[in-house]
Structures are given as structure tokens and as C-alpha cells.
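Taken in order, these protein sequences are the chains called A and B. With positions in the first sequence counted from 1, the corresponding number in this note's numbering is that position plus 34. With positions in the second sequence counted from 1, the corresponding number in this note's numbering is that position plus 34.
One or more hints might be untrue.
In this list, chains with the same sequence are indistinguishable; a pair is considered to hold if it fits within one copy or across any two.
Unchecked claim - Derived lysine-lysine pairs resembling PhoX-like cross-links, with alpha carbons at most 25 angstroms apart:
#1 LYS171 <-> LYS323
#2 LYS317 <-> LYS338
#3 LYS231 <-> LYS260
#4 LYS194 <-> LYS247
#5 LYS247 <-> LYS329
#6 LYS318 <-> LYS247
Please keep in mind that the hints were generated in silico from the structure rather than gathered at the bench.
Protein chains: 2
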Amino acid sequence: MNLLIVGSVAIDTVETPLGKVENALGGSATYASIAASYFAAPGIVGVVGGDFSRKHINLLKRKGVDLEGLKIDRNGKTFHWSGYYEGDMNQAFTRKTHLNVFEKFNPIIPKSYRKAPYILLGNIHPALQLEALAQVKKPRLVLCDTMNFWIASEPKLLEKVFRRADIICINDGEAYQFCKTASLPYAAKRLLAFGPKYIIIKKGIHGALLFGKNSFFSLPSIPLMKVKDPTGAGDSFAGGIIGYLACARKLDENTFRRGLVAGTVMASYCVEDFSCRKTSRLKKTEINKRAALLKKYTHVPSFKLS
Amino acid sequence: MNLLIVGSVAIDTVETPLGKVENALGGSATYASIAASYFAAPGIVGVVGGDFSRKHINLLKRKGVDLEGLKIDRNGKTFHWSGYYEGDMNQAFTRKTHLNVFEKFNPIIPKSYRKAPYILLGNIHPALQLEALAQVKKPRLVLCDTMNFWIASEPKLLEKVFRRADIICINDGEAYQFCKTASLPYAAKRLLAFGPKYIIIKKGIHGALLFGKNSFFSLPSIPLMKVKDPTGAGDSFAGGIIGYLACARKLDENTFRRGLVAGTVMASYCVEDFSCRKTSRLKKTEINKRAALLKKYTHVPSFKLS
Numbered sequence: 035m036n037l038l039i040v041g042s043v044a045i046d047t048v049e050t051p052l053g054k055v056e057n058a059l060g061g062s063a064t065y066a067s068i069a070a071s072y073f074a075a076p077g078i079v080g081v082v083g084g085d086f087s088r089k090h091i092n093l094l095k096r097k098g099v100d101l102e103g104l105k106i107d108r109n110g111k112t113f114h115w116s117g118y119y120e121g122d123m124n125q126a127f128t129r130k131t132h133l134n135v136f137e138k139f140n141p142i143i144p145k146s147y148r149k150a151p152y153i154l155l156g157n158i159h160p161a162l163q164l165e166a167l168a169q170v171k172k173p174r175l176v177l178c179d180t181m182n183f184w185i186a187s188e189p190k191l192l193e194k195v196f197r198r199a200d201i202i203c204i205n206d207g208e209a210y211q212f213c214k215t216a217s218l219p220y221a222a223k224r225l226l227a228f229g230p231k232y233i234i235i236k237k238g239i240h241g242a243l244l245f246g247k248n249s250f251f252s253l254p255s256i257p258l259m260k261v262k263d264p265t266g267a268g269d270s271f272a273g274g275i276i277g278y279l280a281c282a283r284k285l286d287e288n289t290f291r292r293g294l295v296a297g298t299v300m301a302s303y304c305v306e307d308f309s310c311r312k313t314s315r316l317k318k319t320e321i322n323k324r325a326a327l328l329k330k331y332t333h334v335p336s337f338k339l340s
Numbered sequence: 035m036n037l038l039i040v041g042s043v044a045i046d047t048v049e050t051p052l053g054k055v056e057n058a059l060g061g062s063a064t065y066a067s068i069a070a071s072y073f074a075a076p077g078i079v080g081v082v083g084g085d086f087s088r089k090h091i092n093l094l095k096r097k098g099v100d101l102e103g104l105k106i107d108r109n110g111k112t113f114h115w116s117g118y119y120e121g122d123m124n125q126a127f128t129r130k131t132h133l134n135v136f137e138k139f140n141p142i143i144p145k146s147y148r149k150a151p152y153i154l155l156g157n158i159h160p161a162l163q164l165e166a167l168a169q170v171k172k173p174r175l176v177l178c179d180t181m182n183f184w185i186a187s188e189p190k191l192l193e194k195v196f197r198r199a200d201i202i203c204i205n206d207g208e209a210y211q212f213c214k215t216a217s218l219p220y221a222a223k224r225l226l227a228f229g230p231k232y233i234i235i236k237k238g239i240h241g242a243l244l245f246g247k248n249s250f251f252s253l254p255s256i257p258l259m260k261v262k263d264p265t266g267a268g269d270s271f272a273g274g275i276i277g278y279l280a281c282a283r284k285l286d287e288n289t290f291r292r293g294l295v296a297g298t299v300m301a302s303y304c305v306e307d308f309s310c311r312k313t314s315r316l317k318k319t320e321i322n323k324r325a326a327l328l329k330k331y332t333h334v335p336s337f338k339l340s
């Protein structure tokens, strides 16, 4: 266990123009840990209810995800999200959210996790993100994810999380919202001022940007003819990134760029099927293949006007 | 003269959150020819009125733009667009459109232009684009631009233009609209079926995509702290591309990629000031500098999971 992932473990019912799944494995910690499992040894801190299926547990175990930190509350039910997507599937519409046992979730970090050098704070209440951080020994790297809901309701607490993060992962709309600006470079500059080494701006099908204090990297998404279900793409992206970083020998600019490659590849496989169906069954060669595609798709030949 | 550019020459009044210009030089052929002038020898086919200022003529001449094809209708007034942008300036709002002499514009290609090997069909009525093509000797390469208005009102005529183009330049929203799909790779596939060698999808601040039959290239835009006026960005982009292609020795995949680099650089300078102020005063070193930035910003390090 070298990567602590704090977040939700859920049961999802999802409908898209290309199909439907009921009671499928979901949640930010689930998607992230499965994506990270190809690179690192993740352990989850989360909570599920007595209804959480044995086969979900087995899938996570099979992927090498440590479950000591996954609390099973036999008296409650697992967090259940039901939603749908339309058209370009750019937006998730919620039908039902039953927080169930997740409503009173309080991250308790098992002793064996407290020295984990890498931490992914999934998208949960920033107070819980801070609570998780308070329980661990000084980690090497903390990546925090968030969402518009916390930006609107808890900006001050979120700022505290940002001050303790090494990487902030946020989407473009959220960056505009938090920084009250219409310029991404300006938003990144403001977020960097909180102290993180890098800001990652997620832009969905438009790819992702990596802003450092003196560096900039832009990576497109993999063009896909068919997207079946975008649920979990952002979590798979974050999991791929931190997973890759956790297995890298050094943390230089190229390593962070490779982290984005890993995240982008995992997100691209994630959306090609429902739930974690595809990301849980990948071969290393498939990951390498898409990473090579990204290199090919972005190659800028030398240019000199004389 | 090795590059024929057909399009509008206009007078613009533009207001953005960062300022305002009145009666400034504008129009698709203007922006495109100025951008192309750094690479090729463009000539314009368009029309202006008797009010068209001498200083605008002089600016175009100074940039080496051939004006034999620019008709000056002394009895009329120049096409005048007045508009404004707000917030992230993603959308232009029109206050006034006075077509004036442009209303009865009929492209007449001067004899000296008819053998031009490269042609840019700016965003005008597709019937006029076809009329221009009917007057020229078989060119080496035709790039056509268009807009949502023609897609909605003249889809059949536009399809005829697409069938005669080597490159279609279209923005993402227009591609969705024309192809009735929510998938860009699918839209590109449909457009390629009309026969062009390449489809270029413009995505504004998210950059541009180049789809070939068996190739794909994604290029981001240059991140800018300040955008003063987005007017003409798309035309400068198209002008930079075709200008670069017109000066290239061969037309292989890397040449087309470099074309996108040239277009992206010209668009990035265009939006940093009003009208053609910045694109008309560039040094070659400035163009090379931003081309080098694009290479640096997109470098994907090798990635191999073993």
C-alpha cells in the first residue's frame, strides 16, 4: 500500500443513449483505485452498507486494492446514485441520490495507511478531506479533487485543502467559478498562489492542461467513435495520474506529464463501457498502446520561418 | 501571387471588456491575407466602397497583399459590422450589419489570379464560393471556410463546395450541426467522405484538430493571460494555414501539421489586440517563438508500463 485514496464507494444506476446499467459498481474511490491499480498499490478509505455485493469486493481485491480502510456498515445501505446523460453526454442529470451510509461518512485512516507517501483526496466534503489529512504522516504528494458543489458551499474550507495539496485537479468550469475569472491561465495562476506545485485543469473531450509555476503542458483526449458512459472518467483520470506518480522514480516535469498521459488513457477506456467494466480488465499493452497514440497525435514538427 | 483569397473586406466597430475600436479594418479576406502574407504572396478578391480608407489600402499593400482583385465601388459604402463580446468572449453579439456593397458581391477573379495554385474560400455564400472556383484553373489546393448560417440555410450548396475542397475548416459546433452528431470523430469521418484530404475542426481556446483519412493531430491554442478582441481569429487561423502550405515544398502530414502551427500562432497574435493591429506588425522571430512554444507545450514524453 503506497497510495491512500479517500472517497466514495457507490452503487450506480446509469442510463445513456447507448444503454443502461442498474446497481453497478461506482464511486470516486472505486474508479480512482481501479485506474491506479495498474501502476501502484492503492488502499481505499470509504464506507459501504450491508447490501454491498460480494462480487464488487472481489473485483476490487482482484485489482490489488487494499480494503482495510473500507468500512462495511451492516446496518445501512450503500450510497446509491441514479442518473442519466443525453446528446453529447457532457452533463450528468441526477434522478436520485441516496447518500445512505455515506451521509455520516468520517474517514478513519487505518494505522497501516498513515505512512502512505501518496494521497488522493477524492471529491468529498472539504472538511472530510482535511480530516483525512490530519490523520496521516507527512506524505510525499497530495492530489485533491473537488466539484462545483463544494466551491459554491464551502469555498473557505476548500481553500484550506488547496493550501495543503501538491496538485489540484479541477475542471475548467470549476476553475472559472472558484477564481471568478474567464481566463484559464489566470485561474491557474491564482490556484498556484495557494502553494501547489501543479494545477490540472480537466476539459472533458478537449483534454487536460497542466500548469506549473513556470511550465505548461496541454494534452488532448483520445478521440473515440463511441462513448458509452462518461461516469467515472474524472475519477479514473485522477487515479491514473496519482497511480503513475506513485510508481515513478522521480517527480520532475516529464513525470507529471506522463501522469497526465496515464490518467487520459484510463479515462478513455473508462468511458467506452459502463461502470468499471473496461478499466478493470485492461492489459498493460492496451495502456501502452493508447499512450503511444497520444504521443503520435500530438507530435508538433519543428517549424522555422526564415 | 500564389494564393487567392476570396472573402469579405470590412469596416468593424467592436467593443470588448478590454476596449473598443471604431471603423477598424476587418473582414475575413483581410485577416486571412495579412496572416498569410508572412508565408506566401496572397491576392484578395473582394469589394469595398468609396469610403474605404487609403490607410487600409496602404496597410494591405505594405503586407504585400495583391489588390488587383479588390473592387472599389465608388458609389457604395464598405460592408460594416458592429458588435460586442462579453465575459469569456466566446460569442460575438451583433449590433449592426450593413452589407452595403458586399450585398451584391460577385467574385470576379482577375486573369492574373486564375492560375493561383492555392485558394482560400473565406466564409461567404457557398454559391459565391462555387462561382469563384468556376473561374480558376485547377488549383493545387483549396481550403474552404464556412459558418453556421450557411449550414442552416444552404446545406446542399455547401455540400457541393465541400466536394471540391481539399481542406474543410469548420468549428466544432458547426461540425455537430452539419453532421447531426455529437461526436467529433464521427463528424470528421462524414466530412471526409465528401472527398477532402483533411478536415480541420476549430475549437477556439481548446485549439484545433486535424483529421485525415488515417491520421489525427491535436494542437492546443497558446494560453494567453489577456485576450483583447477575438474578431478575426478564425480567419487569421485559416490564412496562416493556407499561407504556410503555399510556401511549403511538399504536402505531407508534417506540412499540414506545421500549417496548423502557423494558423494557431497567427490566431494567438490576432486576439491580443483589436483589428489587425498585432498581426500586421509581426516579426518572423515572433512567429518562430510561439511555434517553438507550441512544440514545448505539447511534448509527450515516452511512456511504457512494463
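Results for each hint:
For the homomeric pair LYS171 and LYS323, neither the shortest alpha-carbon distance inside one copy (37 angstroms) nor that between copies (45 angstroms) is at most 25 angstroms. Taking identical chains as interchangeable, the C-alpha atoms of LYS317 and LYS338 lie at most 25 angstroms apart only when they sit on different chains, with a minimum of 13 angstroms there against 41 angstroms within one chain. Taking CA atoms no more than 25 angstroms apart as the test, LYS231 paired with LYS260 passes between copies only; the shortest distance there is 23 angstroms, against 35 angstroms inside one copy. Proximity of LYS194 to LYS247 under the C-alpha cut-off of 25 angstroms is restricted to the intra-copy arrangement: shortest distance 20 angstroms within a copy versus 49 angstroms between copies.
For the homomeric pair LYS247 and LYS329, the shortest alpha-carbon distances inside one copy (24 angstroms) and between copies (19 angstroms) are both at most 25 angstroms. In the homo-oligomer, the alpha carbons of LYS318 and LYS247 never lie at most 25 angstroms apart, since the shortest distance is 33 angstroms inside one protomer and 28 angstroms across protomers.
The structure fails hints 1 and 6 (numbered hints given earlier, in ascending order).
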